[in-house]
Amino acid sequence: MNPDLKKTSSSSSAETEPTALMTPMPVWPFGLMLALLFLGAWYFDLYGGWFKPQVYSPYTSLAHLEQFQPPKGGIDPLRGRKLYLDNCAVCHQEAGTGNPANGCPPLVDSEWVKSPSVTRLVMIISKGMSGPVTVNGKVWNTGVMLAVGDSLPGDEAEKSDKIAAIADYVRYQFGKVEGETTAAQVQAIRATIQDRTANFTEAELLKVEP
Amino acid sequence: MKSSSLVFLAAFVALSASWAGFVLAPQLQLGRAVQTKTIPAGDTYPLARPGLAQQGAEVYRSLGCVYCHSQQVGQQGTRVDVVLLNAGTNADNTLSAIAKVRPDLGKPETFIGLPKTITTVENVTAASSLVKAINDNGGKVEVNIVATGPDIERGWGRRRTVAQDYVFDHVVQPGTRRAGPDLSNVGARFPEIQWQYEHLYAPQVKVTGSTMPPYRFLFEQRRIGKVPSPEALQLTGELAPPPGYEIVPTDKARALVAYLLSLRADAPLFEAPMTPPPSAAPAAPATNSVAAK
Chain A
1 MNPDLKKTSS SSSAETEPTA LMTPMPVWPF GLMLALLFLG AWYFDLYGGW
51 FKPQVYSPYT SLAHLEQFQP PKGGIDPLRG RKLYLDNCAV CHQEAGTGNP
101 ANGCPPLVDS EWVKSPSVTR LVMIISKGMS GPVTVNGKVW NTGVMLAVGD
151 SLPGDEAEKS DKIAAIADYV RYQFGKVEGE TTAAQVQAIR ATIQDRTANF
201 TEAELLKVEP
Chain B
1 MKSSSLVFLA AFVALSASWA GFVLAPQLQL GRAVQTKTIP AGDTYPLARP
51 GLAQQGAEVY RSLGCVYCHS QQVGQQGTRV DVVLLNAGTN ADNTLSAIAK
101 VRPDLGKPET FIGLPKTITT VENVTAASSL VKAINDNGGK VEVNIVATGP
151 DIERGWGRRR TVAQDYVFDH VVQPGTRRAG PDLSNVGARF PEIQWQYEHL
201 YAPQVKVTGS TMPPYRFLFE QRRIGKVPSP EALQLTGELA PPPGYEIVPT
251 DKARALVAYL LSLRADAPLF EAPMTPPPSA APAAPATNSV AAK
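So the protein sequences, as listed, match chains A and B. So the first sequence is numbered by the working numbering: it starts at 1 and just counts up by one. So the second sequence is numbered by the working numbering: it starts at 1 and just counts up by one.
No lab work stands behind these hints: they were computed from the structure. For glycine and all other residues, C-beta sits at the position ideal for the given N, C-alpha and C. Each hint should be verified, as a subset may be incorrect.
Beta-carbon label-pair distances, calculated as ranges [stated by the list, open to error]:
hint, chain 1, residue 1, chain 2, residue 2, range
1, A, Ala63, B, Glu153, 25 to 33 Å
2, A, Ala63, B, Ser16, 28 to 36 Å
3, B, Arg102, A, Ala198, 55 to 63 Å
4, A, Pro29, B, Leu9, 48 to 56 Å
5, B, Ala126, A, Gly154, 39 to 47 Å
6, B, Glu238, A, Thr134, 55 to 63 Å
7, B, Ser16, A, Pro71, 46 to 54 Å
8, B, Gln204, A, Gly154, 44 to 52 Å
9, B, Asp169, A, Thr197, 12 to 20 Å
10, A, Ala63, B, Lys100, 23 to 31 Å
11, B, Lys100, A, Phe30, 22 to 30 Å
12, B, Val172, A, Leu39, 30 to 38 Å
13, B, Asp169, A, Gly179, 34 to 42 Å
Derived pair list, reagent style DSSO-like, types lysine-lysine, alpha-carbon separation capped at 27 Å [unchecked claim]:
hint, chain 1, residue 1, chain 2, residue 2
14, B, Lys226, A, Lys138
15, A, Lys138, B, Lys116
16, B, Lys116, A, Lys114
17, A, Lys82, B, Lys140
18, B, Lys37, A, Lys52
Far from chain B, by Cβ distances over 12 Å, these chain A residues were calculated [stated by the list, open to error]:
hint, residue
19, Thr23
20, Leu39
21, Leu62
22, Lys114
23, Ser117
Full structure from sequences and hints, please.
Printed below as a string of structure tokens:
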């Protein structure tokens with residue numbers, strides 16, 4: 001390096017270059033930082049949920065979340081729904097809209113579901129149905145419904161109980177018909193058709209009191 | 001460079017701090033999530049998607065649906081409604097229990113038009129004494145836990161979405177933009193397969209004012225065979241195919257619709273409590289506008 005240049009640059013002349021000297025930092029930024037840290041920690045404690053994976057806004061802690069848990073006990077109101085999902089929803093879909101791809105008619109607003117008595121519904125669930133059927137003005141003729149009710153697990157009383165739960169769910173959910181069907185009612189209906197092995201057809205069912 | 005080690009150290013600290021915050025911490029927090037049980041029904045949630053729907057997730061990804069549709073529902077608060085179903089045998093005692101929380105309802109007219117929401121309280125614990133008092137008199141009440149917030153009002157979901165909803169998503173597609181409506185619950189809101197096909201083919205026919213482009217390349221026009229396909233789209237007007245032809249979904253459309261129908265985040269969970277859904281699809285608004293009340 002050129003010795004002249006070096007000499008110039010290291011010159012301590014105040015006119016050419018300002019020089020930074022050691023100065024003590026004012027105290028207030030430090031105080032501000034502590035105050036901000038405190039505020040942040042306070043806010044986190046209030047709303048952060050302490051990294052608990054189950055705490056999402058608008059809940060602030062597990063204790064807060066506990067206060068919104070549904071009360072325990074009582075019979076399971078969703079039993080009919082569960083049975084429907086396990087046994088019927090494969091074809092009729094969870095929302096009861098049916099599936100044109102396999103010729104499965106809808107249950108929503110279907111006149112078969114809205115029928116005033118549960119008899120026809122129990123017969124269909126028990127033994128299945130095949131052949132053409134008119135639902136909501138449309139003819140469905142390619143589908144075959146299996147004897148789902150007969151193939152439910154359990155003895156006759158258990159089957160009847162499950163069919164009653166399914167029928168009530170289907171009637172309420174898709175037909176807006178309220179009512180409680182007892183296992184005994186279902187068992188009485190099933191007793192009249194117990195020897196039957198074939199599926200029902202529309203013509204046969206229409207002979208039954210709706 | 002005099003302070004190169006210092007620069008390196010500073011960069012290292014900055015990068016590892018953000019890695020720890022954005023990658024490591026969420027992984028430790030949520031990375032081992034597995035199936036759980038819904039509350040109170042005890043169903044397993046979430047269930048893995050059926051194969052066709054899993055293929056549909058890839059179609060959804062390849063079509064870039066995520067650029068306009070989010071899959072995350074927000075929630076601002078939770079409301080607890082106490083609904084009187086049945087006055088019970090000792091109606092006077094039921095009334096006096098109700099009058100303690102709602103003096104204006106402590107008269108026999110309250111029993112007209114049940115079920116009726118008698119009060120809205122802050123949380124379930126706050127409702128328990130009222131519920132107990134009415135139950136002791138033979139009455140029947142229901143405690144409804146209802147999520148609130150703009151997204152819920154739009155009908156996009158019944159509760160907020162939580163990490164549990166995405167356990168089986170191998171590319172999680174929560175999205176960032178909402179040019180279209182949120183799709184977290186599209187399977188519950190529009191459960192009809194044919195509706196979904198026709199909406200993909202001609203969105204504006206199904207949703208007036210929709211800005212979604214039609215996805216007609218997911219369908220094919222073909223000559224009607226011996227019998228018309230049950231899946232053929234019911235189109236009218238200028239969209240209708242020429243006589244003797246029908247428009248049917250391709251495998252891609254079938255997969256995509258299976259995926260869309262599998263999208264539903266409405267199971268009641270511990271971290272997102274709500275009253276169990278009655279399931280049937282509510283008529284939900286399809287656009288971004290807030291539902292008319």
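Evaluated hints:
Our hint of 25 to 33 Å for Ala63(A) and Glu153(B) holds, since their Cβ atoms are close to 28 Å apart. A hinted range of 28 to 36 Å for the beta carbons of Ala63(A) and Ser16(B) is consistent with their spacing of about 34 Å. Under the hint 55 to 63 Å, the C-beta atoms of Arg102(B) and Ala198(A), about 58 Å apart, fit the expected range. For the hinted restraint 48 to 56 Å between Pro29(A) and Leu9(B), the CB-CB distance of approximately 24 Å leaves it violated.
Taking 39 to 47 Å as the suggested C-beta distance range, the pair Ala126(B) and Gly154(A) conforms, at roughly 42 Å. Evaluation of the 55 to 63 Å hint for Glu238(B) and Thr134(A) yields a failure: the beta carbon distance comes to about 31 Å. In this structure the supplied range 46 to 54 Å holds for Ser16(B) paired with Pro71(A), their Cβ-Cβ distance being about 47 Å. Distance hint for Gln204(B) and Gly154(A): a CB-CB separation of about 51 Å, consistent with the stated range 44 to 52 Å.
Separation of Asp169(B) from Thr197(A) is about 46 Å and departs from the stated range, judged on CB atoms against 12 to 20 Å. Separation of Ala63(A) from Lys100(B) is about 26 Å and conforms to the stated range, judged on CB atoms against 23 to 31 Å. For the pair Lys100(B) and Phe30(A), the supplied restraint of 22 to 30 Å is violated, since their beta-carbon distance comes to about 55 Å. The hint said 30 to 38 Å for the Cβ distance between Val172(B) and Leu39(A), and at roughly 33 Å that hint holds.
Look at Asp169(B) against Gly179(A): about 41 Å separates their beta carbons, and that is inside 34 to 42 Å. Note on Lys226(B) and Lys138(A): the hinted pairing holds, with a Cα-Cα distance of about 20 Å set against a maximum of 27 Å. Between Lys138(A) and Lys116(B) the alpha-carbon distance is near 38 Å, which puts this suggested pair outside the 27 Å criterion. For the hint linking Lys116(B) to Lys114(A), the alpha-carbon distance of about 25 Å falls within 27 Å, and the restraint holds.
Between Lys82(A) and Lys140(B) the alpha-carbon distance is near 23 Å, which keeps this suggested pair within the 27 Å criterion. Distance hint between Lys37(B) and Lys52(A) is fulfilled; the C-alpha atoms sit about 18 Å from each other, no more than 27 Å. Listed as a non-interface residue, Thr23(A) keeps its Cβ farther than 12 Å from every Cβ of chain B; the least gap is roughly 21 Å. At roughly 20 Å from the closest C-beta of chain B, the C-beta of Leu39(A) stays outside 12 Å, upholding its exclusion from the interface.
At roughly 9 Å from the closest C-beta of chain B, the C-beta of Leu62(A) falls inside 12 Å, breaking its exclusion from the interface. No beta-carbon of chain B is positioned within 12 Å of the beta-carbon of Lys114(A); the least distance is around 14 Å. With a least CB separation of 22 Å from chain B, Ser117(A) remains clear of the 12 Å interface cut-off, as annotated.
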